[in-house]
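A.B. asks: So you can see what is in the structure, the chains are spelled out below.
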Amino acid sequence: MLNSVKGMMLTLASTFQGLRKPVTREYPKAPTPVQPRFMGFPALTWDNDVGEPFCTGCMVCIRNCPTQCMSASMMDNPLQQEGQSHRRKIVDYFEINLNRCILCGICVEVCNFDAIVMSHEHEMSTYERNGDRVALPALLEIGQKYQRETNWIPPTVLAKAKKDAEDATKAAEEAKAETAAAVQEAD
Amino acid sequence: MVPLVAFQVLSAALFAIGLYGVMARRSAVLIVMSIELMLNAVNINLIAAASHLDGMGKWANFDGQIIAIFIITVAAAEVGLGMAIILRMYRNRSTVNVDEINLMKW
Amino acid sequence: MSWFLFIILAFFTLAGGLGVVVTRNVVHAALFLLVSLVAVAGLYLILFAEFLALVQVLIYGGAIIIVLLFAIMLTRTAEYPYISDNKQWPLAAVAAAAVGVVLGAAFLDSNIPETSPNSPAFADLANSLFTTWAIPFEVASLVLLVALIGAIIIARTGEDNR
Amino acid sequence: MAANRHAAHGAEAEEEQPDYSVLTEKGLQTLELAEELFKDFNPERGLLSDLPQVTVEAAGIADVCRLAKSDPNLGLKMLLCLSCVDYEESFQLVYFLHSLEREQTLVVKTNLPYEDPEVPSVSDVWAAAEWYEREARDLFGVTFVGNPDEAPLLLYEGFGGYPGRKSYPFYEYREF
Amino acid sequence: MPFEPSIYASNWTMVALSAIVAVVAIGGMFFANRILSSRRPSATKPSTYECGIEPARFNWYNINLRFYIFAILFLIFDVEAVFLFPWAVVFLEQRDLGNSIPFYAMVLFLGVLFFAIIYAWRKGVLEWQK
Amino acid sequence: MAEIPTNLTANPPVNAEPVEMLLNMGPQHPSTHGVFRMVLWVDGEKIVDVEPHIGYLHRGSEKLCEGEQYHQVITLFDRLDYVANFNNELVYCQAVEKLMGLEVPERAEYVRVILCELNRIASHLLYVGTIGLDAGAMTPTMFAFRGRERIQSVFEAVSGARMMHNYFRIGGIKEDLPDNFEQLIAELLPLLREDVEESDRILTFNEIFLTRLKDVGTISAEEAIDFGFTGPCLRGCGIEYDVRKAQPYSIYDRFDFDIPIGLDGDCWDRHWVRVREMYESLKIIEQALEQMPGGEVVSSLGRRLIRPPAGEVYMRAENPRGEIGVHLISNGTDRPYRLKVRPPSFCNLSAIRRLLTDSWIADSVVILGSLDIVLGEVDR
Amino acid sequence: MAEIILGPGNTPAPSLLTQATAGKVPGVITTSSEQLFGMARKSSLWMLSFGLACCAIEMISTYMAHHDFDRFGVVTWPSPRQSDVMIVAGTVVKKMAEPIKLLYEQMPDPKWVIAMGSCATNGGPYYRSYSVVMGVDHIIPVDVYVPGCPPRPEALLFGILKLQEKIMQDAKNSGR
Amino acid sequence: MQGLAPLLAVGLVDVIWMVVSLLAMFTGLSIVVLSLVWLERKALGRLQLRLGPTRTGLFGLLQPVADAIKLILKEDIIPNSSDRAIFWVAPVIVALSAFMIWVTIPATEGLVLRNLELGLFYITAFAVIGILGLVLAGWGSANKYGVLGGLRSAAQLISYEIPVIMVVVAVGMLAKSLDLRVIVAAQEQIPYVALLPLGMVVFFIAGLAEVGRTPFDIYHAESEVVGGPFVEYSGAHWSVFFLAEYINTFAIAALVVLLFLGGWSWPFDAAALAWLPSLPDIAWVGGLLSVIWFLLKVYAVIFVVFWIRGTFPRLRIDQLMAFAWKAMVPLSFYAIVITGVYLFYDWPAWTLTVMSLTGLVVVGYIVYRKMMEPARRIAEIKARQAAQVAERRASRQAS
Ligand code: SF4
Ligand code: SF4
Ligand code: SF4
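Chains as they are written, first to last, in the numbering used here: chain A, 1 to 187; chain B, 188 to 293; chain C, 294 to 455; chain D, 456 to 631; chain E, 632 to 761; chain F, 762 to 1141; chain G, 1142 to 1317; chain H, 1318 to 1716.
Pulled out of the complex, with its shape left as it was, chain A reads as follows (with noise of 0.2 Å):
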């Protein structure tokens, strides 16, 4: 019985607990906000600096995808001609089937130019099959919010700031530790 009555006291104070602050997260009112890491369905970015996909259609992440669920082909980029673009080739045709993605990152991770993202979308449901088939505006338009919201900055690009950072700091060290010497030297 013991035990019991205190269970019972628990649930009571649960209770009162949860008449003051239910755990609950009214959602489509008050969504959970998602984690800055979370993969939700991938999508490709955009470059604004010369206003393309960054995508070049190499087919890696096609291939290492694990359910197969991406096609694509890529074509002599145009603004390449124009020489606005460092890219030779550029998507032409992308299509992702988020029903079938497993959202295993497997792809961004394979993608050498940065193209791809896992976003934070994730509400996608659907009335038909292969109603989430997804085709490059719509993903590019996807990859765009998730830029927008993140302040996406390529990680290529972020990897290269933090290793001249890191160059810089060292360099400075270095420096700093040859002044030392120098000091002491003159010392």
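Just so you know, these hints were derived from the structure itself, not from any lab. In this text, a Cβ means the ideal position worked out from N, Cα and C, and glycines have one as well. Please note that the accuracy of each hint is not assured.
[Said to hold, decoys possible] Between beta-carbon pairs, the in silico distance windows are:
# : chain 1 : residue 1 : chain 2 : residue 2 : range
1 : F       : R1068     : G       : A1154     : 56 to 62 Å
2 : D       : E573      : F       : G1056     : 52 to 58 Å
3 : F       : G862      : A       : K162      : 38 to 44 Å
4 : C       : A399      : E       : E758      : 36 to 42 Å
5 : F       : G862      : A       : S71       : 34 to 40 Å
[What the hints assert, rightly or not] Residues from chain A that keep clear of chain H, each with C-beta distances beyond 10 Å, as calculated:
#  : residue
6  : Q81
7  : T126
8  : N151
9  : L158
10 : A159
11 : D164
12 : K176
Guided by the hints, dock chains B, C, D, E, F, G and H with the ligands onto chain A, whose structure is given.
C.D. replies: Then chains B, C, D, E, F, G and H with the ligands, alone, in the frame of chain A:
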């Protein structure tokens, strides 16, 4: 108002139905049910009498009801025991069909 | 009015009873029995025996039918859907009808001076039950005890046999 | 591919001896004990990465297992895993036996022909083996003589073919 | 309370009517359901539910005898209740009249029935073990 | 009536055994934990015999693994024991690492251990929830899932997914922990301890729960070994066997924790072992957080295509449900030649017949619950 | 094994009353009553408690305190007879196809189906498997597909909202 | 003036009035049921730290209404293996018994359909009929879970019916009447819970079992028999069961209040209310207040029911039956005996309280011991664990 005799005739009819059941049915369970019908017929009679007749001699006018209570008690005991016997019979013979039960061999 | 009630209740009583003896489905028979018994409770009501009516509902409608249902479930065999009457059923029908007619005639013929229906107060009935009828009352307890013990013994030995 | 055959056919194709030094002392001891114990069944010693391994004849597998289980020195009371490998020319059954007291695992292997693979069941040695064997029967079509249950375990009645085999194709997915 | 026929009649009419009204109301519900519900009959729809498997052979279920013994126990105690109710109301009255028989009679009665429980207990029918 | 002679041969045999009822439980049944199916022969409320049926979730993972590249296989392993995803990833990655003789950076090992232990807690919390439901109590489930949800949000912060993480890599982990991880886990641990304690308090020693579980589904240690029990089910029988201690993998030998054991091998002991294990896991996490070094998390392998040398390896690890083993055969290509998983719940479940026979129908549910099976792993 | 029935999802059949009064009663009344019915239906979606695989765990999470399906009036019932929605949460294996079909059949009209996760939608990661049905819509008509592997509880809630929209849409259409 | 007259005395007008009042009763009960459903979901929600229905109407108040409408709109399947007649009749019987007992349950002095002199007996008699309905439901649907559930329900309900009846008798003895109004009136001074706490506990527990609520919900346990007798019922038929179940819950709570908690009587007399700004001295205001008070008490009891549901796992059938016959029935016997002795020998009131508390404590302790008995090994486990840990520590230090 409904005279006593109406209840009595009704009880006679119910009794006859129960009697028919007891004689004609083969399943022991149904026979017990029929016996219940007969007991009910008796009870109707008793209570109708209790209600329509004044007490006579040492009988109070509601003694019929009290007897009916005892009859119900006995009926309950009877059902309990009877069903137990039937179950026992069923366990041994896999049937509740009275025709197929040769009591001598049991 | 009371004739009206009487006729309805009598109809249900007899129809239920007939149902019990003619239906082929045992569970339906139990249901018919229930109908008949509840109608009898109604009859007790128009006889001003309210306590008895409730006893009827409690014991017959509740307990006895449940016991019967249990027994049916315990003994349900493949034969139940085809349960039939035995071969002498016409004979039985005649005999039963004869008994019914004779009894009915006897009742019709009897000439007891009757008063209008009256009702004892519940308290009177109770007082009488525990004073005048105290001995039968004690005997009833013994009957119940014996029934219980008997049922347990019989049912249990039945179980051991399995 | 060559590597597989290598693994499958054990010593005959073996050029260099495996390096037994990866085994712990206990492991080496187990290996020797096992070889000694199974000597009636042509044991061949080997190594499964860092586990001692003995390859025996298929026909004797049940006896081997019984011995392994009952031997007080080995005390391999537990069947960890039974895996069936399709080497396209033969099947290999790999029994992972484990002893809780000695905390030591022994691998027992046996090779079966590709046609009509048949092997005595060890389900009466370890209760755990029953389901493993049924699974292997479902997926690879290996017959375990003496396994009490005939019904398929993972697949259903009427499934055609043995999907675990290499020859069984992957499903051709068509979007519709 | 003195017997008052008119009250008696209206009481029990009410009871009878309550049954009728309940049946009618439930019937009304069923009727509304009948005409308002969307129906799409199919051959397999009314098949017996058994966790998604076609029902296997249905040997009629033979219940445990325990159940029956509990039913008997219930029957016995139900009958006992029939005696208890009138007694509850009157035994004090009788005591005031100087008659203590009802009280002791009931004590005896309860004692006998309690013995029944003890008996069943000792016999192990309350245990449910096979 | 009695004088009618009976021809007994025409009747059912005398003393015919009363026929037992065949009761089908599952594949859709609220308490078969997915799509397990068992056919019970019951007599009254007693179970006379059981015929378990599995395979209602047989997805052919082992075969599919043969068709995927080594790094893609991780996604399939996530989905095997879908309640202990990190633990599954870990054992697979370790198997490949063992095959390749790869060293994993120190920090990555710590991250792996922390996540695995968190996942163990999450898995046991799910168990507490389901056993509560099986026994008929709803609130413990809610309490338990509160904790699970908290763990999952940390997982999401770390790996980007709540369940199917694909976070461990062969030779390390995908990326380093997020910057706010320390803060997150510092917030999480006290709350988690509270959740674990509450679901423990409301259930473990509740009298009704105790009577429902104690002395139910008892199995002796010998039998348990015979059936290949591992994990809490084996420890419930009083055998102290835990791969983390017996053959320490990863860095488990650096932590100080106990292996809870039971005594009788009944449902309650299994329950108790699991509940205690949650506290032990918390202990491990705390120690790991203390010891965690800095540094790289990905080995020199980088993004290269993984082609382990030909060979064979068997790797084992302690999953929440017991010992998981991976038998991996490589032929030097970029795809495994054969991958066989030793699923712990498969073995635990195979004893269901032995456990259920002669118990009550109502017990079948708690016994099954106390085995804590995950069908994804049983059927693969 | 499963023949292909690609349905447009489930729409409640017209009731006797609607059939009888079709065209005889002003559209306003029928429309508004149908809308009332639609509202009742959509806010009381009782679900068949039924989980197949990993997605089921996220589905259970959706029931639990953090997301609380009960807010939408969604509760589970164990028997198909009392449920309105079947959430197919997980991989539909060929062996399981028959039971799912039967359960779906046994649900009383009006009923809806939600395919949760990429497995139930089209095979997902098991698209090459020999034993997986490539999408539950091969067996039963599906109303709402919730993509994801597994979908977050929010995504499932969103799917429920979509289903509610569909129910209201159906109600509007049938009233006319 | 006995005879034909009284039966004719019920004129047509009376009958119409009766029907109207019965319909009002039916509606009232339906509203109560809706409120209970809402309350249950909300209370359970808060208990489990969640919200419960919020999206249908304000605070989800329309949720039960939506459920009800939807149930009516649902197809009603009659399984083809079932026994049609019984399948149809069973829910009617259950609902009938649930509804009929309300004829005589008063909400306050004047607010009762008909006050029967044998009120309590009437309630017990008709409550038994409901059991029949459940058995028949399970039987009629010819479903294995249904049969199992039906049998379980029969066994459970009949076993717990006995303590209920006995305790009711004890209360009848205290009040010297079976009339619920008299019983409430007798509690003006002290509610019977103070006199006979034992009775209240037994009645409440047995009542929980009677309506099949956790921890006694084994006959429709979802995790075992997937809904038991109701497994095959859908649409309107199922909702009738649902209705009956909630009406019964309400009835049990109401009976607890009437029999033990003093019904509608206030804990303070009218004088205590004098501070209120001069209440209009009309009868119905007082009546209304007492109805509200009564309802408050009933809902409080019902909250306890939900609270228990939110805390406990369920028992197993054998434990349940053992509990009924080994704890509840003897306790209820004991209740009758002590009440009888107390009344017969005119002992002071506190003796009854003491006696009943003693009984309660003794049996509670025995049950506790019995239930905790299997836990005897827990200490052993812990000790063993500690020993092992110590050993390991020692060995580690040694190495
Ligand atoms: S997303 Fe990246 S990997 Fe994929 S096609 Fe585009 S550039 Fe290539
Ligand atoms: S996330 Fe995975 S499944 Fe989805 S598109 Fe990328 S690689 Fe394919
Ligand atoms: S969709 Fe993903 S999470 Fe869902 S069942 Fe399939 S594999 Fe599991």
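A.B. asks: All hints, please: hold or fail.
C.D. replies: Each hint, compared with the structure:
Between R1068 of chain F and A1154 of chain G the C-beta distance comes to about 59 Å, which sits within the given range of 56 to 62 Å. The hinted range of 52 to 58 Å is satisfied by E573 of chain D and G1056 of chain F, whose Cβ atoms lie roughly 54 Å apart. A beta carbon spacing of about 31 Å between G862 of chain F and K162 of chain A contradicts the range 38 to 44 Å that was offered as a hint. Roughly 53 Å separates the CB atoms of A399 of chain C and E758 of chain E, a value that falls outside the hinted 36 to 42 Å.
In this structure the supplied range 34 to 40 Å holds for G862 of chain F paired with S71 of chain A, their Cβ-Cβ distance being about 38 Å. Listed as a non-interface residue, Q81 of chain A keeps its Cβ farther than 10 Å from every Cβ of chain H; the least gap is roughly 56 Å. No Cβ of chain H comes within 10 Å of the Cβ of T126 of chain A; the nearest lies about 22 Å off, and the non-interface call holds. For N151 of chain A, the shortest C-beta to C-beta distance to chain H comes to about 35 Å, beyond the 10 Å cut-off, and the non-interface label holds.
With a least beta-carbon separation of about 40 Å from chain H, L158 of chain A lies farther than 10 Å from that chain, consistent with its non-interface assignment. Distance check for A159 of chain A against chain H: the nearest CB is about 43 Å away, which clears 10 Å, and the non-interface claim stands. No Cβ of chain H approaches the Cβ of D164 of chain A within 10 Å, the least distance being about 49 Å, so the stated non-interface status holds. The Cβ of K176 of chain A lies farther than 10 Å from every Cβ of chain H, with a closest approach of about 46 Å, so its non-interface assignment holds.
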